[in-house]
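**Student:** Chains A and B, in that order, are what the protein sequence lines are. First residue of the first sequence? That's 280 in our numbering, and the numbers climb one at a time after it. First residue of the second sequence? That's 5 in our numbering, and the numbers climb one at a time after it.
Check before you lean on any hint, since a few could be wrong.
Claimed, not checked - Derived pair list, reagent style BS3-like, types lysine-lysine, alpha-carbon separation capped at 27 Å:
| id | chain 1 | residue 1 | chain 2 | residue 2 |
| --- | --- | --- | --- | --- |
| 1 | B | Lys258 | B | Lys501 |
| 2 | A | Lys436 | B | Lys386 |
| 3 | B | Lys554 | A | Lys295 |
| 4 | A | Lys336 | B | Lys501 |
| 5 | A | Lys436 | B | Lys376 |
| 6 | A | Lys300 | B | Lys568 |
| 7 | A | Lys300 | A | Lys459 |
| 8 | B | Lys39 | B | Lys26 |
| 9 | B | Lys386 | B | Lys376 |
| 10 | B | Lys479 | B | Lys259 |
| 11 | B | Lys386 | B | Lys396 |
| 12 | B | Lys317 | A | Lys379 |
| 13 | A | Lys379 | B | Lys396 |
| 14 | B | Lys554 | A | Lys300 |
| 15 | A | Lys295 | B | Lys396 |
| 16 | B | Lys190 | A | Lys497 |
| 17 | A | Lys336 | B | Lys554 |
| 18 | B | Lys501 | B | Lys259 |
What the hints assert, rightly or not - Covered stretches of chain A, as calculated for chain B (at least 3 residues, CB under 8 Å):
| id | region |
| --- | --- |
| 19 | 312-325 |
| 20 | 390-403 |
| 21 | 413-424 |
As the list claims (entries may be wrong) - Residues of chain A clear of chain B, computed beta-carbon distances all greater than 10 Å:
| id | residue |
| --- | --- |
| 22 | Leu294 |
| 23 | Val296 |
| 24 | Pro366 |
| 25 | Gly383 |
| 26 | Asn460 |
| 27 | Lys497 |
| 28 | Lys533 |
| 29 | Ala534 |
| 30 | Ser535 |
The hints are simulated quantities; they were obtained by calculation from the structure and are not laboratory data. Each residue gets a CB set at the ideal place from its N, CA and C atoms; glycine is no exception.
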Amino acid sequence: MAGSNPNAKPMNLTLKVWRQKNRATAGQVVDYNVRDISPDMSFLEMLDVLNEDLLRKGDDPVAFDHDCREGICGSCNLFINGRAHGPESGTTTCQLHMRKFSDGDTIVIEPWRANSFPVNKDLSVDRSAFDRIIQAGGYVSVNTGGAPDGNEIPVPKEIADRAFEAATCIGCGACVAACKNASAMLFVSAKVSQLALLPQGHAERATRVENMVAQMDKEGFGACTNIGSCAAECPVGISLENIATLNREFLAAKASSNNLS
Amino acid sequence: MSMILDSKIPEGPRAEKWEKHKFNVKLVNPANKRKYDVIVVGTGLAGGAAAASLAELGYNVKAFTYHDSPRRAHSIAAQGGINAAKNYQNDGDSVFRLFYDTIKGGDYRAREANVYRLAQVSVNIIDQCVAQGVPFAREYGGLLANRSFGGAQVSRTFYARGQTGQQLLLGAYSALSRQIAYGKVKMYTRSEMLDVVIVDGQARGIITRNLITGEIEKHAAHAVVLATGGYGNVFYLSTNAMYCNATAAWRAHKKGAYFANPCFTQIHPTCIPVSGDYQSKLTLMSESLRNDGRVWVPKTVEMAEKVRQGQIKPQDIAEDDRDYFLERKYPAFGNLVPRDVASRNAKMMCDEGRGVGSTGLAVYLDFADIIKRTGADAVSQKYGNLFDMYAKITDEDPYTQPMRIYPAVHYTMGGLWVDYNLQTTVPGLYATGECNFSDHGANRLGASALMQGLADGYFVIPYTIGDYLAQTPPKPVTTENPAFAQAEADVRGRVQKLMSINGTRTPDDFHKHLGHLMWEYCGMARTAEGLKHAKVEIQKLRKEFWSDLKLSGSNDELNQALEKAGRVADFLELGELMVDDALNRNESCGGHFREEYATEDGEAKRNDDEYAYVAAWQYVGDNQPEILNKEELHFENVKLTQRSYK
Numbered sequence: 280m281a282g283s284n285p286n287a288k289p290m291n292l293t294l295k296v297w298r299q300k301n302r303a304t305a306g307q308v309v310d311y312n313v314r315d316i317s318p319d320m321s322f323l324e325m326l327d328v329l330n331e332d333l334l335r336k337g338d339d340p341v342a343f344d345h346d347c348r349e350g351i352c353g354s355c356n357l358f359i360n361g362r363a364h365g366p367e368s369g370t371t372t373c374q375l376h377m378r379k380f381s382d383g384d385t386i387v388i389e390p391w392r393a394n395s396f397p398v399n400k401d402l403s404v405d406r407s408a409f410d411r412i413i414q415a416g417g418y419v420s421v422n423t424g425g426a427p428d429g430n431e432i433p434v435p436k437e438i439a440d441r442a443f444e445a446a447t448c449i450g451c452g453a454c455v456a457a458c459k460n461a462s463a464m465l466f467v468s469a470k471v472s473q474l475a476l477l478p479q480g481h482a483e484r485a486t487r488v489e490n491m492v493a494q495m496d497k498e499g500f501g502a503c504t505n506i507g508s509c510a511a512e513c514p515v516g517i518s519l520e521n522i523a524t525l526n527r528e529f530l531a532a533k534a535s536s537n538n539l540s
Numbered sequence: 005m006s007m008i009l010d011s012k013i014p015e016g017p018r019a020e021k022w023e024k025h026k027f028n029v030k031l032v033n034p035a036n037k038r039k040y041d042v043i044v045v046g047t048g049l050a051g052g053a054a055a056a057s058l059a060e061l062g063y064n065v066k067a068f069t070y071h072d073s074p075r076r077a078h079s080i081a082a083q084g085g086i087n088a089a090k091n092y093q094n095d096g097d098s099v100f101r102l103f104y105d106t107i108k109g110g111d112y113r114a115r116e117a118n119v120y121r122l123a124q125v126s127v128n129i130i131d132q133c134v135a136q137g138v139p140f141a142r143e144y145g146g147l148l149a150n151r152s153f154g155g156a157q158v159s160r161t162f163y164a165r166g167q168t169g170q171q172l173l174l175g176a177y178s179a180l181s182r183q184i185a186y187g188k189v190k191m192y193t194r195s196e197m198l199d200v201v202i203v204d205g206q207a208r209g210i211i212t213r214n215l216i217t218g219e220i221e222k223h224a225a226h227a228v229v230l231a232t233g234g235y236g237n238v239f240y241l242s243t244n245a246m247y248c249n250a251t252a253a254w255r256a257h258k259k260g261a262y263f264a265n266p267c268f269t270q271i272h273p274t275c276i277p278v279s280g281d282y283q284s285k286l287t288l289m290s291e292s293l294r295n296d297g298r299v300w301v302p303k304t305v306e307m308a309e310k311v312r313q314g315q316i317k318p319q320d321i322a323e324d325d326r327d328y329f330l331e332r333k334y335p336a337f338g339n340l341v342p343r344d345v346a347s348r349n350a351k352m353m354c355d356e357g358r359g360v361g362s363t364g365l366a367v368y369l370d371f372a373d374i375i376k377r378t379g380a381d382a383v384s385q386k387y388g389n390l391f392d393m394y395a396k397i398t399d400e401d402p403y404t405q406p407m408r409i410y411p412a413v414h415y416t417m418g419g420l421w422v423d424y425n426l427q428t429t430v431p432g433l434y435a436t437g438e439c440n441f442s443d444h445g446a447n448r449l450g451a452s453a454l455m456q457g458l459a460d461g462y463f464v465i466p467y468t469i470g471d472y473l474a475q476t477p478p479k480p481v482t483t484e485n486p487a488f489a490q491a492e493a494d495v496r497g498r499v500q501k502l503m504s505i506n507g508t509r510t511p512d513d514f515h516k517h518l519g520h521l522m523w524e525y526c527g528m529a530r531t532a533e534g535l536k537h538a539k540v541e542i543q544k545l546r547k548e549f550w551s552d553l554k555l556s557g558s559n560d561e562l563n564q565a566l567e568k569a570g571r572v573a574d575f576l577e578l579g580e581l582m583v584d585d586a587l588n589r590n591e592s593c594g595g596h597f598r599e600e601y602a603t604e605d606g607e608a609k610r611n612d613d614e615y616a617y618v619a620a621w622q623y624v625g626d627n628q629p630e631i632l633n634k635e636e637l638h639f640e641n642v643k644l645t646q647r648s649y650k
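Bound conformation, chain A alone:
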């Protein structure tokens, strides 16, 4: 029915979906067939079709996280055919459309795989480790009220733009899922870079990077070995340069004497 592709034929697909009752139970791959899938559907709308079908039959629908379906909230997180958010680069799962697949395809759908992201159920995982890393220092310590005028400190456009680019991270965790070490360096470095670039973040830049890296390690994320899968699979294009920035910030912080041990 949609504009561009009026003649596209509905597709029949085989889905191999990870089913797991809860964190304590072992999971397994279960096969499903879905029929008459419109190429204009989003990937999650295709799963909606499956779930409505399962529910009508009295079966348990597949649990997965999603919300805005506009690619911005960072909730959706499916590992599709071996790739975080599926085959289209620069795209969240919710913005992936079925026109990227062909009639008769078999699609493998798994949750993010990382020790630091335990499975809640089926395809839903617990990403609260990311929140704890932000809580360790991903902020400027400023209380409400008493802030100076917004134009008091000019920020060169180029710096503001770079800070914005780093700040667009949606916290989905694709970087961790894509990394063979399950490293969270791209996520952490995006926040460190944003606040290191802006003058408002300078006062705490040394303690911030040390605390955030310490928390990252504590959460059990792996080390970074500079492969770059994270940036390649990031749906919003967070650059690998941020990791270089983080390393520089971290060394500078360690080199100064008045910071953490």
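Using the hints provided, position chain B relative to the given structure of chain A.
**Tutor:** Quick look at chain B alone, frame taken from chain A:
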């Protein structure tokens, strides 16, 4: 018995009300603040900002979200920007002008004093966000950039490309995270509020369901702040996120909080049109696009028919054969008329048979002129992410052919009735952000939702809640009062009832059905006849829901269909109240357009003599008509006129 509502507007001239009020409210001394617990439900702009700010003051805050992280609230999806009366552009903006534009844009159905305060604190919001490290767009000289938005003739909108909501929310989230780390906020994620607990007439806690384990939990506090967003998803298809729902507000309503102006819903003019019946949600294309995009349809029905058949492409239609209908009808504001006006006109064009796209339910938003003038790169700098999103969804390239857009439900101006202190009719229960009704009247201007959410959270509730707490003894609160056990039992009973119906129709099936009724009869154009019909149909559907709902699994695990069912059950009640409200309001104003009440050229025709009031509905019992309470609106600073954007 209906009662006259006291909005507690402070005395004095408009510009001094808030200052005076801040001086007159009672204070809780710093050492006592840690003896008070405050519950904040929702962690979007309003809730996140409130939770962080209250914790900074020293209160013990318990914050709740049904998301896996407070950073995922739907505020994050706001695209275009946030208004503030900074007048950095030297183009004649002022607090009064922002106030005036908001009152006029809301078609004179908002409360003056609240709106004036909103305009006053708008300037503080920008300062606060900059200090947090929010990367607003800047000019080459390093100062903050602005752009224009609908319903205003000045440039007062601050933005971060097409992701302003995301950046503002991450700012509030960072402030909240800092307080979580300090231990001043206890954060409960994946927890859905299912009831509010009233002890001796005052809000003293909430009942939640842990969405992972299914556990029903009781939480006590000295006050409860709801920041749970709007109810646009009652229409099924809307630009709201999939989880957005009315349950917290509706449960509060059933515990005594009046619900104000529920029929005031905003239909946003620029959304990607519906493409098929599998569609789960609609995607907005930011209003900021109307700065540079030109809205048009073919001049004749014959030409439009050819476009719909795919015989001609829009870019091949000659300039003379196009009707830039907004520019033609509203030369002063052109494509930047307010949302309600733009939406209604798009509908009129489609009703005339001049709509485009395969369904005929779309108009063009064309960027050819600006691309010719400034180049595709410059356009990409401004709107790149929106153009990409459009291409991904439609498989069409907006750089080479015009976007197809159509109005969709976007925002709800109605909500829980609150007084000047943002307190509902239940003492100790507050409502902030989209969850309340207070600032946008019958139509919200673009870039004002973010402003209101953050104004309420950062700069209003931290003062006004202190006034209430100062009059509450600082004794520890517990969940031992029988009211908690009763509310818990009620919630459990309801969950079990939903699980035990064992019928044939899924929650989504009912939701779609309801959404269709609401869009058809309580959407962009309403008639008494249609509304009466809808009321009967909704009642039937509700009955069917409670006898034919199908669920599976159990209630002691992650069960997303069960979550959905609870929300749909509440939509089925709220939907009827919206219809009642629309039927009661025998006038057209802003987003509420009754076909019987229109001017000769099809504009909304208000009836100020009879309807210059807030309709605040009072729940009195299941299947009983709600009682209408009125708050008369007094306009001391603006003259009520027929809105004109010509």
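**Student:** Hints first: check each against the structure and report whether it holds.
**Tutor:** Against the structure, the hints come out as follows:
no. : hint                    : verdict
1   : Lys258(B) <-> Lys501(B) : holds, 18 Å
2   : Lys436(A) <-> Lys386(B) : holds, 14 Å
3   : Lys554(B) <-> Lys295(A) : holds, 25 Å
4   : Lys336(A) <-> Lys501(B) : holds, 20 Å
5   : Lys436(A) <-> Lys376(B) : holds, 25 Å
6   : Lys300(A) <-> Lys568(B) : holds, 19 Å
7   : Lys300(A) <-> Lys459(A) : holds, 26 Å
8   : Lys39(B) <-> Lys26(B)   : holds, 22 Å
9   : Lys386(B) <-> Lys376(B) : holds, 15 Å
10  : Lys479(B) <-> Lys259(B) : holds, 24 Å
11  : Lys386(B) <-> Lys396(B) : holds, 18 Å
12  : Lys317(B) <-> Lys379(A) : holds, 25 Å
13  : Lys379(A) <-> Lys396(B) : holds, 11 Å
14  : Lys554(B) <-> Lys300(A) : holds, 20 Å
15  : Lys295(A) <-> Lys396(B) : holds, 25 Å
16  : Lys190(B) <-> Lys497(A) : holds, 21 Å
17  : Lys336(A) <-> Lys554(B) : holds, 9 Å
18  : Lys501(B) <-> Lys259(B) : holds, 20 Å
19  : 312-325                 : holds (count 6)
20  : 390-403                 : holds (count 3)
21  : 413-424                 : holds (count 11)
22  : Leu294                  : holds, 16 Å
23  : Val296                  : holds, 15 Å
24  : Pro366                  : holds, 13 Å
25  : Gly383                  : holds, 20 Å
26  : Asn460                  : holds, 23 Å
27  : Lys497                  : holds, 13 Å
28  : Lys533                  : holds, 22 Å
29  : Ala534                  : holds, 24 Å
30  : Ser535                  : holds, 21 Å
In terms of the numbered hints stated before, the structure departs from none.
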